[in-house]
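**Q** Produce the complete structure using the sequences and hints provided.
In the working numbering, the protein residues as written are 1 to 99.
None of these hints come from the bench; they were simulated from the model.
Certain hints may be false.
What the hints assert, rightly or not - Using 25 angstroms as the maximum straight-line C-alpha spacing, the simulated SDA-like pairs for lysine to any residue come out as follows:
#, residue 1, residue 2
1, Lys47, Asn32
2, Lys47, Glu88
3, Lys24, Asp3
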Amino acid sequence: MGDNIFMKIDGIAALRGLLLDAEKSFGLESLNQHERDIYYATVLLSKQHVELSAGNIYSHELVRDLPRTTFYRVLKGLAQRNLLVAPERKNGAYKVVPH
Numbered sequence: 001m002g003d004n005i006f007m008k009i010d011g012i013a014a015l016r017g018l019l020l021d022a023e024k025s026f027g028l029e030s031l032n033q034h035e036r037d038i039y040y041a042t043v044l045l046s047k048q049h050v051e052l053s054a055g056n057i058y059s060h061e062l063v064r065d066l067p068r069t070t071f072y073r074v075l076k077g078l079a080q081r082n083l084l085v086a087p088e089r090k091n092g093a094y095k096v097v098p099h
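**A** Here it is, written out as structure tokens:
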């Protein structure tokens with residue numbers, strides 16, 4: 001059983017290495033974990049054609065455990081970094097900036 005778990009962890013570690021390489025190629029390696037989680041949630045929701053309201057983004061499983069103050073601070077920061085376009089009105093939807 002121990003060898004089987006090690007093989008699974010080894011596979012996860014390899015995937016993490018691939019993810020890091022991909023993040024570097026898109027210039028995302030400078031994002032902290034909260035920024036990555038929120039950005040990835042917006043990309044996934046966008047692909048599902050879900051409106052990118054703050055509420056919909058916050059309800060995504062990658063994000064929902066963040067404190068709300070952290071969530072809104074990071075969301076604003078992603079817009080300032082031009083990874084997201086902030087809505088023009090308070091209830092509007094964000095947009096993912098393609099990279």
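**Q** Could you tell me which of the numbered hints above are not met by this structure, giving the numbers in increasing order?
**A** 3
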